[in-house]
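> Could you build all of it, start to finish, from the sequences and the hints given here?
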Amino acid sequence: MAIPDLQTRLRETFQRWMQQDNHQRWSPRHPLRRHALEIFERLGFPTTRHEDWKYTSLAPALRPAYRIEIPSLPDLALLPSQLPALEGLPSPQLWLLNGIPVPVALPPHSHFQSFLHAEDADPPLGDILPSETEALVALNTAFAPDVAALTISGHGDGVLHLALVTTAADEPQLAHPRLSLTLEANARQRLLLSFHTLGTLPAFTNTVAEIRLGPNTQLELILWQPESSTAFAITTLGIELAQNAHLSLWTLSLGGALVRNNLYIRLSGPAATAQLFGATMVEGQHTVDHRTYVEHRAEQCTSNQLYKSIADGHGTVTFTGRIYVHPQAQKTNAYQSHRAVLLTGTATVNARPQLEIYADDVRCTHGATAGSLDESALFYLRSRGVSHAQARALLLHAFLREALVLLPDERLRQRADALLAERVHLQAAELL
Amino acid sequence: MPTQQDELLERLTGSEYKYGFVADIDEELAPIGLNEDIIRFIWERKGEPEWMLEWRLRAFRHWRTMEEPRWAKVVYPPIDYQAIRYYAAPKKRHVQSLEEVDPEIRRIFDKLGIPLEEQKLLAGVAVDAVLDSASVATTFKEKLAQLGIIFCSMSEAIQKYPELVQRYLGSVVPYTDNFFAALNSAVFSDGSFVYVPPGVRCPMELSTYFRINAARTGQFERTLIIADEGSYVSYLEGCTAPMRDENQLHAAVVELIALDGAEIRYSTVQNWYPGDREGRGGIYNFVTKRGICLGKEAKISWTQVETGSAITWKYPSVILKGDGSIGEFYSVALTNHHQQADTGTKMIHIGRHTRSRIVSKGIAAGRSNNTYRGLVRILRGADYARNYTQCDSLLIGNACGAHTFPYIEVLNPTAVTEHEATTSKIGDDMLFYCRQRGIAEEDAIALIVNGYCREVLNHLPMEFAVEAQKLLAISLEGSVG
Chain A
1 MAIPDLQTRL RETFQRWMQQ DNHQRWSPRH PLRRHALEIF ERLGFPTTRH
51 EDWKYTSLAP ALRPAYRIEI PSLPDLALLP SQLPALEGLP SPQLWLLNGI
101 PVPVALPPHS HFQSFLHAED ADPPLGDILP SETEALVALN TAFAPDVAAL
151 TISGHGDGVL HLALVTTAAD EPQLAHPRLS LTLEANARQR LLLSFHTLGT
201 LPAFTNTVAE IRLGPNTQLE LILWQPESST AFAITTLGIE LAQNAHLSLW
251 TLSLGGALVR NNLYIRLSGP AATAQLFGAT MVEGQHTVDH RTYVEHRAEQ
301 CTSNQLYKSI ADGHGTVTFT GRIYVHPQAQ KTNAYQSHRA VLLTGTATVN
351 ARPQLEIYAD DVRCTHGATA GSLDESALFY LRSRGVSHAQ ARALLLHAFL
401 REALVLLPDE RLRQRADALL AERVHLQAAE LL
Chain B
1 MPTQQDELLE RLTGSEYKYG FVADIDEELA PIGLNEDIIR FIWERKGEPE
51 WMLEWRLRAF RHWRTMEEPR WAKVVYPPID YQAIRYYAAP KKRHVQSLEE
101 VDPEIRRIFD KLGIPLEEQK LLAGVAVDAV LDSASVATTF KEKLAQLGII
151 FCSMSEAIQK YPELVQRYLG SVVPYTDNFF AALNSAVFSD GSFVYVPPGV
201 RCPMELSTYF RINAARTGQF ERTLIIADEG SYVSYLEGCT APMRDENQLH
251 AAVVELIALD GAEIRYSTVQ NWYPGDREGR GGIYNFVTKR GICLGKEAKI
301 SWTQVETGSA ITWKYPSVIL KGDGSIGEFY SVALTNHHQQ ADTGTKMIHI
351 GRHTRSRIVS KGIAAGRSNN TYRGLVRILR GADYARNYTQ CDSLLIGNAC
401 GAHTFPYIEV LNPTAVTEHE ATTSKIGDDM LFYCRQRGIA EEDAIALIVN
451 GYCREVLNHL PMEFAVEAQK LLAISLEGSV G
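Protein chains in written order, with the working numbering: chain A, 1 to 432; chain B, 1 to 481.
Since the hints were derived computationally from the structure, they do not count as laboratory data. None of the hints are false.
In silico lysine to any residue, SDA-like type, Cα no more than 20 Å apart, as pairs: (1) B:Lys73 / A:Glu51; (2) A:Lys331 / B:Asp428; (3) B:Lys425 / B:Arg367; (4) B:Lys73 / A:Thr133; (5) B:Lys425 / A:Asn333; (6) B:Lys425 / A:Thr365; (7) B:Lys73 / A:Pro327; (8) B:Lys425 / A:Arg297; (9) A:Lys54 / B:Ala72; (10) A:Lys54 / B:Leu379; (11) A:Lys331 / B:Ser424; (12) B:Lys346 / B:Phe179; (13) B:Lys425 / A:Asp361; (14) B:Lys425 / A:Gln328; (15) B:Lys425 / A:Gln330; (16) A:Lys54 / B:Arg70; (17) B:Lys346 / A:Thr369; (18) A:Lys331 / B:Gly427; (19) A:Lys331 / B:Ile426; (20) A:Lys331 / B:Met430; (21) B:Lys346 / B:Thr176; (22) A:Lys331 / B:Leu431; (23) A:Lys54 / B:Arg380; (24) B:Lys346 / A:Tyr55; (25) B:Lys73 / A:Trp53; (26) B:Lys425 / A:Gly367; (27) B:Lys425 / A:Arg363; (28) B:Lys346 / A:Glu51; (29) B:Lys425 / A:Tyr335.
The following label-pair restraints were derived from C-beta to C-beta distances: (30) A:His425 / B:Asn398: 50 to 58 Å; (31) B:Pro78 / A:Ala59: 31 to 39 Å; (32) A:Ala377 / B:Gly438: 43 to 51 Å; (33) A:Ala398 / B:Arg61: 53 to 61 Å; (34) B:Arg357 / A:Pro71: 51 to 59 Å; (35) A:His35 / B:Asn398: 30 to 38 Å.
In this text, a Cβ means the ideal position worked out from N, Cα and C, and glycines have one as well.
What follows is the structure, encoded as structure tokens:
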């Protein structure tokens, strides 16, 4: 039995850390961490009997004999050349190496702090996440070696790049990166979070990020997910928006053995807006599972979700989106759409678009479709002399691209375009 | 300060349950509680063959190992299954003609607006009226018999057509299916049985009325409809219950079987007692309804108008097994005051070229919660399957909730599924347009809501459409503000 095994090892490791605590990092004796361990012990790893995990089994991700201890840091100078997925992306300004934050060249309008020396968390940790009910959030709180706390004030030019790396060259590795990001009032930032695996062994990255957007802020956040087929990536994001805050979030999921994204978006101030986009392609035995929970807590907020997915090979795409409108959130506009294409008879698409609404003056819609490529569009291209393979690639590329057209940074957009093209086997020339 | 709308709301929601009356009929009661002796009691009273006792006991033993489902979005205090009376039957039985029916029973049906004779003469509807648990009167039997159609009570079918019952009972909803289905299998007292022979088109709408009467009795009816090759039948079911303070449990099972080219239409108007304005009393309606398109090109269509019950837990489903078979689900669910509804459908596509269509309209008012929960599953072999789902919710007032929880599972690349859902309130622009043309607010709201539900109401047979519209008028006009 793999599951109790890892759980037992985690417990033993934690107890050992407690005993030999040398306060080099965030102390395991911190009450928050001890409480989190208790929660995790009580909940255990989720199984498919758990409604939220109905379609995605964690079992394969728990099978490898992970190293729980944090290995020594890899050589920063060599790192960029060892991570091919960094190609075409701006160079990282903050690394999270197996969860340990290493700032490199943070811009002046940002303020970085690690919890290494901080006794009390400020802002408080875990209060915009379901910390008491999500086993993996609790696991992260208990085991995160440190918290990277970043505060942004003013306007940032260009893209701030945070690269999360899990090293699995000599042993399978379990990592718990933890990020706390705050945008102070009127701040504006473009942020890229890229996920990488160093080495070819299984890497389980259980990331938790809490993001607070102050009044009149704007955050453009891009999740650039792992491509390694030995990567298991669970990413939980809690984002709270104050009055008139604007969030745009893109999730690019083109690989990974198991990718699960839990997005908890909380619109707490009036007139806040959140836009979520996702472009997903799975093949082989890969699984990508998107879960969004958009909570409207204040009046006149708008949320919009557009997820486009392609399932190839034996891959599985799951989308579970919940729009929750509180009684006081009148004049809400909420939209959600998941569109999926299945390419093989062995692929699977599951969709659960959900609405839970307690206010009456609202306009909420959701749509979900699944099907194959439009035969008439294929025929149109074929009749103009485009080969079947290219016609198919063109259509698939265009299909996925719709979720990324609003990507703000020209360089990122081009890189994403090229990646999509590569994945659907589209010749670069035909992009023009 | 109350606005004009509030006043209107107050005045109209005040309409109390019209069908709340208790009739004094001599009833034969089982002792309260549930154990194997009670099941033997029911079995004995009904004079069933030995195999039925075995089946019931198997179901009961299985039920004892099960836990009550808790996943639905409904809240209710725990049910004490030992505090329920599981059998109540009117004593006078063996009626030969309508005239012999207990005048008291006739009076109840008259109050409900379904006078048997009138329907017999004018509407051409054969009514198998079920009062509490046993069939009281069955009409039009002879006319149907000439065509070879069997339309009788379940108890009669067990006696007269055991081979059909044995073959199909529990074949769509086995007693292991879920908690309430297991309970029903153990204690069901009666219900309707329909068999339509090959190639026969049933010339009239078959209809039954269920009514829960005695205090602290659950009603557990069991309906089985079999449409043989190339046949057609339309079945209507209406439900009312008198006012009772305690919550009454109703756990029915309906099984439909459509063979090659057969079509079954099943329509329900459910207006059981929803409890009072404070949420006291009312019916717990925990029903398992499922049909299977066993044969090629078969079709099963569910239409439901749900306005009653304190809690509705009901998912009329279709298993599309035969190639080219069709499943439909049309639903209007209205909740008011403290009512809770968690209803929807399941469409399981197994065969090639199977098609399904789901149209669900939810209306939530007062302090109620109205949930659509549905599943569309396209299995690997269901080439070219097609599903279209539309579920709309209308919210009236800001103390209620409207929820949509669809599950879509697609395992076949040639299948196409589409799902769309909207939630909104009645558009101010629509109201304004009507008001501007001199239509009173109340009428305008009725008009808009009627239009909102039309797509579903249009699928009801004539006899029911009228009643359904009346029902919506009573419950709806009042709740819109």
